[in-house]
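A.B. asks: Please take these sequences and the hints and turn them into a complete structure.
Number of protein chains: 2
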Amino acid sequence: MDRRSFFQKAGLATAGAAMATPAIAQVSQKVVWRMASYFSRSFETIYAGAEDIARRVAEATDGAFEIQVKAPGDAVPAERVLDAVRAGTVEAAFAPTSEFWEIEPTYALATALPFGLNPRMANAWFYQGNGKALLSEFFASQGLYGLPAGNAGTQMGGWFRKDIGTLDDLKGLKFRISGIAAKVLEKIGASPQKLAIDDVYSALERNQIDAARHLGPLDDAALGLYRVAKYYYYPAFWDAGPAIHALFNLEKYKALPPRYQAILEDACAAANTGMMASYDAKNPRALREIVASGTQLRPFTQDILDAAFAANNALCLELASKSPYFKKAYVDQLAFRKDAYMLTQVGDYTFDTFMVIQQRAGKL
Amino acid sequence: MDRRSFFQKAGLATAGAAMATPAIAQVSQKVVWRMASYFSRSFETIYAGAEDIARRVAEATDGAFEIQVKAPGDAVPAERVLDAVRAGTVEAAFAPTSEFWEIEPTYALATALPFGLNPRMANAWFYQGNGKALLSEFFASQGLYGLPAGNAGTQMGGWFRKDIGTLDDLKGLKFRISGIAAKVLEKIGASPQKLAIDDVYSALERNQIDAARHLGPLDDAALGLYRVAKYYYYPAFWDAGPAIHALFNLEKYKALPPRYQAILEDACAAANTGMMASYDAKNPRALREIVASGTQLRPFTQDILDAAFAANNALCLELASKSPYFKKAYVDQLAFRKDAYMLTQVGDYTFDTFMVIQQRAGKL
Numbered sequence: 002m003d004r005r006s007f008f009q010k011a012g013l014a015t016a017g018a019a020m021a022t023p024a025i026a027q028v029s030q031k032v033v034w035r036m037a038s039y040f041s042r043s044f045e046t047i048y049a050g051a052e053d054i055a056r057r058v059a060e061a062t063d064g065a066f067e068i069q070v071k072a073p074g075d076a077v078p079a080e081r082v083l084d085a086v087r088a089g090t091v092e093a094a095f096a097p098t099s100e101f102w103e104i105e106p107t108y109a110l111a112t113a114l115p116f117g118l119n120p121r122m123a124n125a126w127f128y129q130g131n132g133k134a135l136l137s138e139f140f141a142s143q144g145l146y147g148l149p150a151g152n153a154g155t156q157m158g159g160w161f162r163k164d165i166g167t168l169d170d171l172k173g174l175k176f177r178i179s180g181i182a183a184k185v186l187e188k189i190g191a192s193p194q195k196l197a198i199d200d201v202y203s204a205l206e207r208n209q210i211d212a213a214r215h216l217g218p219l220d221d222a223a224l225g226l227y228r229v230a231k232y233y234y235y236p237a238f239w240d241a242g243p244a245i246h247a248l249f250n251l252e253k254y255k256a257l258p259p260r261y262q263a264i265l266e267d268a269c270a271a272a273n274t275g276m277m278a279s280y281d282a283k284n285p286r287a288l289r290e291i292v293a294s295g296t297q298l299r300p301f302t303q304d305i306l307d308a309a310f311a312a313n314n315a316l317c318l319e320l321a322s323k324s325p326y327f328k329k330a331y332v333d334q335l336a337f338r339k340d341a342y343m344l345t346q347v348g349d350y351t352f353d354t355f356m357v358i359q360q361r362a363g364k365l
Numbered sequence: 002m003d004r005r006s007f008f009q010k011a012g013l014a015t016a017g018a019a020m021a022t023p024a025i026a027q028v029s030q031k032v033v034w035r036m037a038s039y040f041s042r043s044f045e046t047i048y049a050g051a052e053d054i055a056r057r058v059a060e061a062t063d064g065a066f067e068i069q070v071k072a073p074g075d076a077v078p079a080e081r082v083l084d085a086v087r088a089g090t091v092e093a094a095f096a097p098t099s100e101f102w103e104i105e106p107t108y109a110l111a112t113a114l115p116f117g118l119n120p121r122m123a124n125a126w127f128y129q130g131n132g133k134a135l136l137s138e139f140f141a142s143q144g145l146y147g148l149p150a151g152n153a154g155t156q157m158g159g160w161f162r163k164d165i166g167t168l169d170d171l172k173g174l175k176f177r178i179s180g181i182a183a184k185v186l187e188k189i190g191a192s193p194q195k196l197a198i199d200d201v202y203s204a205l206e207r208n209q210i211d212a213a214r215h216l217g218p219l220d221d222a223a224l225g226l227y228r229v230a231k232y233y234y235y236p237a238f239w240d241a242g243p244a245i246h247a248l249f250n251l252e253k254y255k256a257l258p259p260r261y262q263a264i265l266e267d268a269c270a271a272a273n274t275g276m277m278a279s280y281d282a283k284n285p286r287a288l289r290e291i292v293a294s295g296t297q298l299r300p301f302t303q304d305i306l307d308a309a310f311a312a313n314n315a316l317c318l319e320l321a322s323k324s325p326y327f328k329k330a331y332v333d334q335l336a337f338r339k340d341a342y343m344l345t346q347v348g349d350y351t352f353d354t355f356m357v358i359q360q361r362a363g364k365l
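If you're matching them up, the sequences are chains S and W in order. Taking the numbering used here, the leading residue of the first sequence gets 2, the next gets one more, and so forth. Taking the numbering used here, the leading residue of the second sequence gets 2, the next gets one more, and so forth.
A hint or two may mislead.
One copy or two, it doesn't matter: identical chains are merged, so the pair holds either way.
[To be verified] Listed next, the in silico PhoX-like pairs over lysine-lysine satisfying Cα-Cα at most 25 Å (straight line):
hint, residue 1, residue 2
1, Lys364, Lys329
2, Lys31, Lys253
3, Lys364, Lys184
4, Lys339, Lys364
5, Lys364, Lys328
6, Lys364, Lys323
7, Lys188, Lys364
8, Lys253, Lys71
Hint data in this document are derived by calculation from the structure and do not stem from the laboratory. The structure presented is a predicted model; accordingly, all values stated were derived computationally and were not measured.
C.D. replies: Okay, here's the thing in structure tokens:
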């Protein structure tokens with residue numbers, strides 16, 4: 002049967018039916034929102050995530066729904082973006098909620114718990130597990146609606162001036178690290194330091210701190226920390242799949258036309274995958290530059306990982322006893338993680354292992 | 002500074018500016034498209050990917066852009082969906098392009114090459130590497146525009162009636178497998194069989210074939226193949242991150258209003274992540290059911306993987322010599338894969354390895 006007779010037999014129209022349909026007049030509400038970014042423009046790839054959402058929303062509405070991305074200080078300082086979006090001073094924010102975990106520990110869980118879900122598992126839990134329902138319940142209690150809108154993958158463990166051979170080497174180590182990870186590091190002997198990122202370089206140079214974590218190869222290379230700390234450790238066991246959230250003032254979100262809500266949902270999902278893809282595409286070159294600078298790559302030793310794993314389990318139980326939102330989401334995530342790491346061994350992880358072996362053998 | 006004085010000082014309006022803005026009359030073209038699915042409704046999770054795109058597009062346009070998903074046979078039979086969308090008989094299709102690889106080998110590459118990119122790498126290559134440009138060039142030469150709109154993760158290697166201990170056990174083995182993977186299996190001694198999925202159960206039962214691959218745990222459990230084949234092998238080294246594509250007739254796509262094109266782009270990106278999340282959330286339970294049925298899980302042995310890896314390299318070189326589109330995309334993907342498997346060891350893979358160890362030790 003040739004193609005024409007097949008289509009005739011199937012009774013299908015061959016001319017574009019779509020062209021003959023009428024135009025519909027729809028009323029589009031002009032909406033102008035401000036999205037306050039926690040990240041400055043110098044975090045190019047993360048900052049671009051907020052701009053990506055704005056572009057997608059604008060294109061999907063012919064500009065009727067306009068989101069103006071504001072760098073820290075333009076609308077509100079970085080540390081106030083959560084307050085501002087909760088108060089409705091800005092309609093939206095783009096932030097790692099974990100930075101606000103001292104207000105409520107579920108803000109940490111929404112981004113990443115130490116030894117938590119990797120990026121793919123985080124998506125599975127949020128989009129198709131109980132994650133969206135559980136986090137939406139929490140966010141609503143805070144006057145927010147939130148969607149993951151970016152991920153950076155498993156981050157690097159940081160820059161160390163000295164080789165860290167064993168858990169003992171961490172004792173008293175002045176380590177620039179924040180959030181829930183700082184608590185875990187403290188429990189295993191380190192001395193966490195709060196320090197603005199702009200001050201890290203000189204603090205390392207002047208021996209005021211021994212180590213500092215920032216993000217991954219791309220953002221770290223830009224800071225030039227390899228000049229003041231020789232050892233670059235991995236992985237950031239506290240940041241396996243850190244989600245960056247688009248946060249919306251709940252009342253303002255509810256007041257949006259359903260069409261705009263749908264567009265926002267798709268734009269954030271696309272931006273979520275887009276940021277991960279962007280890091281994955283750019284990180285290899287940055288990592289090569291870092292290694293070319295003379296940096297020594299080092300994995301954290303097993304005793305450090307084991308101690309941190311145990312310390313984190315204890316910490317999360319403490320947090321669960323304090324916050325019902327955290328408890329519910331944590332228990333659910335634990336079950337999900339257990340299943341996910343069972344599943345991955347039968348397929349993805351086995352495949353990746355074979356390929357890693359090929360890579361090391363120079364066969365790729 | 003308390004919150005109120007901070008906001009007053011910052012000169013920010015506290016009332017919702019968005020509410021005061023005027024409505025704009027926009028003209029929306031009513032567009033009705035048909036999307037012919039390669040998969041029948043019995044492939045619930047994959048079929049749902051096409052419906053997911055349709056729902057997202059409808060919600061983002063208040064129904065003005067309507068995509069009617071058609072099961073195989075409703076508009077065109079599964080094996081004709083590519084012809085139909087190229088001819089414009091239907092505006093869109095939802096298919097693994099690899100099924101049409103004999104028309105042009107780049108159709109195989111667009112889905113997954115054996116020992117190719119895992120799902121996250123496939124996204125990175127497409128969205129932020131050269132993938133989109135290279136595949137769009139190829140698709141355009143075929144009268145198509147294509148977007149990844151789903152992924153199923155690393156698939157299972159199939160159901161075997163006998164234990165496959167070494168490469169020798171593959172010799173002459175009647176293995177139901179299609180596509181480029183069949184060529185690789187043939188090169189290492191197996192005897193690939195073409196067989197419709199509905200005939201696989203009885204063929205295994207009657208000893209007409211020795212083995213059959215289908216997809217992953219969720220879809221495989223639904224077929225009940227564990228009753229007729231005891232050994233379930235992994236991983237499908239030919240399907241590490243198989244992309245399911247939304248394919249559009251190029252002329253019809255170009256004729257869409259730019260707003261609808263943007264909405265389609267976001268909907269497909271969201272559906273892409275959504276399908277992966279759906280499989281990841283559902284596969285663990287299916288895998289447990291399969292194991293509970295008495296099925297023996299088995300990894301392919303190293304000699305089989307090594308032989309298949311070498312055979313695939315040779316095959317891809319042959320294909321590259323025949324198709325300039327394939328050659329260009331393949332060479333680009335090889336470089337991307339090499340970088341990606343270098344990068345993953347410094348972060349993601351190391352983290353996953355620690356977690357896999359915890360899972361096996363019963364600590365998750």
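A.B. asks: Hint by hint, say whether it matches the structure.
C.D. replies: Status of the hints after comparison with the structure:
Taking the closest pair of Cα atoms, Lys364 and Lys329 come within 25 Å of each other only across two copies (20 Å); inside a single copy the shortest separation is 46 Å, beyond that limit. With identical chains, the CA atoms of Lys31 and Lys253 are at most 25 Å apart within one copy only, with a shortest distance of 14 Å there and 29 Å across copies. Taking CA atoms no more than 25 Å apart as the test, Lys364 paired with Lys184 passes between copies only; the shortest distance there is 21 Å, against 42 Å inside one copy. When the C-alpha separation of Lys339 and Lys364 is checked against a cutoff of 25 Å, the pair qualifies only between copies, where the shortest distance is 9 Å, while the shortest distance within a copy is 33 Å.
For a Cα distance limit of 25 Å, the shortest separation of Lys364 from Lys328 across copies, 19 Å, qualifies, whereas the shortest one inside one copy, 46 Å, does not. For the identical chains of this complex, Lys364 and Lys323 are inter-copy neighbours only, at 24 Å across copies versus 51 Å inside a copy, given an alpha-carbon limit of 25 Å. For the identical chains of this complex, Lys188 and Lys364 are inter-copy neighbours only, at 20 Å across copies versus 42 Å inside a copy, given an alpha-carbon limit of 25 Å. Only within a single protomer do Lys253 and Lys71 lie at most 25 Å apart by alpha-carbon distance; the minimum there is 18 Å, versus 38 Å between protomers.
Checked against the numbered hints above, the structure violates none of them.
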